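Engineer: Line order of the protein sequences matches chains A and B.
The first sequence runs 34 to 242 under this note's numbering.
The second sequence runs 11 to 813 under this note's numbering.
Keep in mind that the hints were calculated from the coordinates and are not lab data.
Treat the hints with care, as some may be off.
[Said to hold, decoys possible] Calculated pairs, DSSO-like style, for lysine-lysine (alpha carbon to alpha carbon, straight line, at most 27 Å): (1) B:K790 - B:K777; (2) A:K179 - B:K195; (3) B:K287 - A:K215; (4) A:K208 - B:K284; (5) A:K179 - B:K179; (6) A:K197 - B:K179.
Treat the numbers as computed from the prediction; the structure is a model and nothing was measured.
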Amino acid sequence: MNFHNETSYLEFEEDEIFLSWYEVEGVRTITELSRQIRTLLKYKAAVIQYRFRSNHIYPISTPNIKFLETKNKFESLALSFIKLLRNIKDFTGNLGGGYQYLLDQASSNKTENLLLKKLEDITNHLFIQIHYFSEQKISEHPYFFKIIVLLAQEVCETRKYLKKQFSGFYEELGKNYHNLEKELSILIPSRVQEKVNERKKKAGEMLKS
Amino acid sequence: MKTYEKVSRKTVGEDRIAICPKFGCENVTRVKHLKLGFLGFSKYPKCKKHQIPLVYIDERIGDFVDAALACLFDLAGLPPKKLLSLVNKEIPEDLEMFVWRWVYCITIGRGAPIISQYMDSISKAYLKQLTKKQIKVLSQEDQSKKNNVYQAVRKGIQEIINQYTRLLKHLRTHNEVFTNIYETKPLSGKLRKLLLIWLEMSKLVEKDLLSIEEKREISLSETKNFYDSILNMGTCMCLLGLSPEKRMNKTKRISAFDRFSTYFDFFTNGLTKKFTKSDMEKLLKHDFSETSLKQNMQDRDLISFFAQGRKLSATIPGLKVITLGRSKNTNKRECKYIEFIDDNFYNTLTPPSDPSLSNVNEWFTDTLLETMKQYDFLKKYASFRSMSLFFGLTKSYLYDKRYKKSVISHDYLDIMRNSVVANISNLLDLDNTSEERVIEARNRLVTIIEIYRKSFSPKLTANTQIDNNLITTYFQNISTPQQAYYLGLLFADGWISIQRSSGGSTSYRIGLSLKVEDKLVIERFSKAIGLSKSRVLERDSIDLRTGAVYRMAYLQLGVGSTSQKTSMANDLIKMGLTYQIKKNGRRAKVPILPVFCDVGGHLLRDLMLAFLLGYFDGDGTLKNSHTGEIYSNNFKFLTAIKKVFNLGEVSDVKRIVYDPTTNTHSERHLYSLYLNKSIIKEMMSLDIVSMERKSLEAELIKLDAPIMTKQRLWLKKVLPIKFLRQILTTHSPSKIAELLGVDHNTMLKFMKNVYKLNLMDKGYYIKLSYERKQSSVKNKLNKIYNERTQLLLEIGERNPFNQ
Numbered sequence: 034m035n036f037h038n039e040t041s042y043l044e045f046e047e048d049e050i051f052l053s054w055y056e057v058e059g060v061r062t063i064t065e066l067s068r069q070i071r072t073l074l075k076y077k078a079a080v081i082q083y084r085f086r087s088n089h090i091y092p093i094s095t096p097n098i099k100f101l102e103t104k105n106k107f108e109s110l111a112l113s114f115i116k117l118l119r120n121i122k123d124f125t126g127n128l129g130g131g132y133q134y135l136l137d138q139a140s141s142n143k144t145e146n147l148l149l150k151k152l153e154d155i156t157n158h159l160f161i162q163i164h165y166f167s168e169q170k171i172s173e174h175p176y177f178f179k180i181i182v183l184l185a186q187e188v189c190e191t192r193k194y195l196k197k198q199f200s201g202f203y204e205e206l207g208k209n210y211h212n213l214e215k216e217l218s219i220l221i222p223s224r225v226q227e228k229v230n231e232r233k234k235k236a237g238e239m240l241k242s
Numbered sequence: 011m012k013t014y015e016k017v018s019r020k021t022v023g024e025d026r027i028a029i030c031p032k033f034g035c036e037n038v039t040r041v042k043h044l045k046l047g048f049l050g051f052s053k054y055p056k057c058k059k060h061q062i063p064l065v066y067i068d069e070r071i072g073d074f075v076d077a078a079l080a081c082l083f084d085l086a087g088l089p090p091k092k093l094l095s096l097v098n099k100e101i102p103e104d105l106e107m108f109v110w111r112w113v114y115c116i117t118i119g120r121g122a123p124i125i126s127q128y129m130d131s132i133s134k135a136y137l138k139q140l141t142k143k144q145i146k147v148l149s150q151e152d153q154s155k156k157n158n159v160y161q162a163v164r165k166g167i168q169e170i171i172n173q174y175t176r177l178l179k180h181l182r183t184h185n186e187v188f189t190n191i192y193e194t195k196p197l198s199g200k201l202r203k204l205l206l207i208w209l210e211m212s213k214l215v216e217k218d219l220l221s222i223e224e225k226r227e228i229s230l231s232e233t234k235n236f237y238d239s240i241l242n243m244g245t246c247m248c249l250l251g252l253s254p255e256k257r258m259n260k261t262k263r264i265s266a267f268d269r270f271s272t273y274f275d276f277f278t279n280g281l282t283k284k285f286t287k288s289d290m291e292k293l294l295k296h297d298f299s300e301t302s303l304k305q306n307m308q309d310r311d312l313i314s315f316f317a318q319g320r321k322l323s324a325t326i327p328g329l330k331v332i333t334l335g336r337s338k339n340t341n342k343r344e345c346k347y348i349e350f351i352d353d354n355f356y357n358t359l360t361p362p363s364d365p366s367l368s369n370v371n372e373w374f375t376d377t378l379l380e381t382m383k384q385y386d387f388l389k390k391y392a393s394f395r396s397m398s399l400f401f402g403l404t405k406s407y408l409y410d411k412r413y414k415k416s417v418i419s420h421d422y423l424d425i426m427r428n429s430v431v432a433n434i435s436n437l438l439d440l441d442n443t444s445e446e447r448v449i450e451a452r453n454r455l456v457t458i459i460e461i462y463r464k465s466f467s468p469k470l471t472a473n474t475q476i477d478n479n480l481i482t483t484y485f486q487n488i489s490t491p492q493q494a495y496y497l498g499l500l501f502a503d504g505w506i507s508i509q510r511s512s513g514g515s516t517s518y519r520i521g522l523s524l525k526v527e528d529k530l531v532i533e534r535f536s537k538a539i540g541l542s543k544s545r546v547l548e549r550d551s552i553d554l555r556t557g558a559v560y561r562m563a564y565l566q567l568g569v570g571s572t573s574q575k576t577s578m579a580n581d582l583i584k585m586g587l588t589y590q591i592k593k594n595g596r597r598a599k600v601p602i603l604p605v606f607c608d609v610g611g612h613l614l615r616d617l618m619l620a621f622l623l624g625y626f627d628g629d630g631t632l633k634n635s636h637t638g639e640i641y642s643n644n645f646k647f648l649t650a651i652k653k654v655f656n657l658g659e660v661s662d663v664k665r666i667v668y669d670p671t672t673n674t675h676s677e678r679h680l681y682s683l684y685l686n687k688s689i690i691k692e693m694m695s696l697d698i699v700s701m702e703r704k705s706l707e708a709e710l711i712k713l714d715a716p717i718m719t720k721q722r723l724w725l726k727k728v729l730p731i732k733f734l735r736q737i738l739t740t741h742s743p744s745k746i747a748e749l750l751g752v753d754h755n756t757m758l759k760f761m762k763n764v765y766k767l768n769l770m771d772k773g774y775y776i777k778l779s780y781e782r783k784q785s786s787v788k789n790k791l792n793k794i795y796n797e798r799t800q801l802l803l804e805i806g807e808r809n810p811f812n813q
């Protein structure tokens, strides 16, 4: 055991032993829980850092190519996830009911089973990428940060239904993300609102002159 | 205290995972049931390393979460009273909000993000102990048949999940109860500064604490106080928008394991208490006036000290804080001389009473020789040649000195003393020498050296001719503006050089050189340090930039050996007149700004201004506009001045320098700093005798008078105020600027600052323009407009600034 390890959990993926455990469903999830806690707390730290930052303008740092690539992948994955959620919602009219329907039908119906597997796969990938971003200087990308937290909340909700053994954990995690999202919505006004404010300011200046 | 289920292979029933109860220990084992209840080894598994019985991991993980929660929500995590009293004193209106902000940051500040590291390690260790078969069964959740197998392992995993969930619940509840996300606003500049100061102060305490190396008996509650003070720094860092983990990574002083295992001890010993809202209210209702006056005074002093002194030096590289008025330990040298003195032997020695009549060196060398002959192990050195080498001198030194009347200098006596101590300690390793005899020999030889030193008051150094009248301590403590002025002057046009004698010893020389018309300044300086005016000489000097030859006045004086710790040169170096060896082997002056503070840390502005005036007289220019500029090739030095006096930006001017020795030209950086009128006025108001050429009557400097540049002077000449007022009735300022070929902003500033004109609204000119366009060319308005336009164009043609 290495108690002083402060590296990203993603690095463990390269560990052969870890990979073999990772492949086994149920076991992988439990190790993932500590990663989830770390991710959440990292985001919480980033919110605090953003809130109490000394300079309101972040220095322009050199673009991190890996970050941008992952961001692109994340965005396309998030889009597929949202599309999937829409499909699920269509089953019963609400998401909760949709998940339940999917779980009930999965054992007998191949299409539903495939959909369930796809959902699991997407949420796994999303969580890995969410973790990756938590290890980056995410407070320097406030709008993207907001999107991640919003999405994390949704993924937690999905996981709550998919992983019965961990439903309590994911429910709690979702609530924590919900609180973060509330904070961020106050801290980071939406771009549309910013543009409206900008226009108002300009109009005010014009009237004065 | 919590009791664990005894880990026993007899009672385990089915496989369970156990861990060493010592936090951080890597010993994790799968506990298997004994075959037939008795066959097998290690019935009660113990940790191989710590030899203590193992505990079941699912029981232990709960302890860790308890410890983590105890750490995160401990009452001691609330803002320290000392900090609160500071905030209450400085920004009372911000106190309540500050407490809420602090509590908002507690979880992250006290290390919540690193909890998962430990939990992850435990989880993974747990899973590694499971067999593939167990995992396979566990993964098949829905197969009800197999669901009954490995219940213990299943229970263990469930316990881990529950503990994770419990942690999340506590974090969320804390967030919901103690945070008002709408009210938690960023810190004010003043509060941020105060926190930075508190953090600096706490770091010093931490540094002192960590520097303790010897073993000490510290009670658990005392240890907790230390931990809390360090963890509170993490919360403070969060409030400042910094990452507390960053600091921990840097120091590696308290790791995740350290932190929570120690907190587990505090928790089990009942030293922790979860804070509540009422605790926060109590804290806010606390009467801060109870804090003793003395404590408040100390805090204030520390604040100002850090704010003005230490903080400055920490953030600005080009300066150092000089705290004046602190007593200096002058006994150091004397203490050194007392060491190894043999009192009985001392009383037997009879040095000559009058050194001017007798040859003291003969007595000295003979006594040394006789003493050495008394010891077998020193006999081989008992000749003048060997003795000189034994005492770390050149082989003929003592023989030569024996018949000379000059007293051996402190420098050489120090060398002799140090060599005796070093050489004798080498003799201790020899087999046939008794330790007592060796020590006796050392003490006797040292005693002879010290009695010589005491009896004949030697010079500090052998080769340096220090003028007897020189006040060697002139720059030891800068207490008057005049001293600070001369220090500034030396920083600009002075130097410290190292002179090497033929014997190999080195000594410092300091010098000051100014243009011959400022000779009076050097003469005054010479007088101030106790020397006569006649020491100031003249010589020709080549300006490397232009190749021109100037007549210079200069003063040069020897100030003592480089090995001497208390010379004028050393004092100047301590004040910041430092040098650096460049790649080409030459010494380059790298001045560090001395920031004079009193014992309380308050900046002594008068001394700083006097220093700046001295530097300005040396390397500055006074402009007609009553402003000034100082120059240096050291960017950091000027930046430090800029920060201390809150001046504008440092400019970089590249200069071509001519080197007559190689007949080449090279480019050099020269930085300049603009001195505004108010700083010049402050400098000129000081009661200091300074350079007349760069002096001004302070009363003559009018701070509100506009700065008259050459262009403004021209504009004033061609556009008298009455004329300009007339023109402004038909022409907008931008049109006037365009016609004159002057920058639009320059024209606007000229009108506003020099003539103090209230300019017309833009609409007026738009309206006028419309009217002109509507009316015919012969209209009066158009006629006047065209005439004035023509006039302005003619003036513009003569504009010397329009390139």
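Engineer: What's the verdict on K197 of chain A and K179 of chain B, does the C-alpha distance respect the 27 Å limit or exceed it?
Structural biologist: Holds. K197 of chain A to K179 of chain B sits at ~18 Å (cutoff 27 Å).
Engineer: Between the alpha carbons of K179 of chain A and K195 of chain B, is the straight-line distance 27 Å or under?
Structural biologist: holds (18 Å)
Engineer: If you draw a straight line from the CA of K179 of chain A to the CA of K179 of chain B, is it 27 Å or shorter?
Structural biologist: Answer holds: K179 of chain A to K179 of chain B is near 22 Å, not above 27 Å.
Engineer: Are the Cα atoms of K287 of chain B and K215 of chain A separated by 27 Å or less?
Structural biologist: holds (22 Å)
Engineer: Does the alpha-carbon distance linking K790 of chain B and K777 of chain B stay inside the 27 Å limit?
Structural biologist: holds (16 Å)
Engineer: For K208 of chain A and K284 of chain B, compute the direct alpha-carbon distance and say whether it is at most 27 Å.
Structural biologist: Distance ~23 Å between K208 of chain A and K284 of chain B Cα, so the pair holds.
In summary, this structure violates none of the numbered hints.
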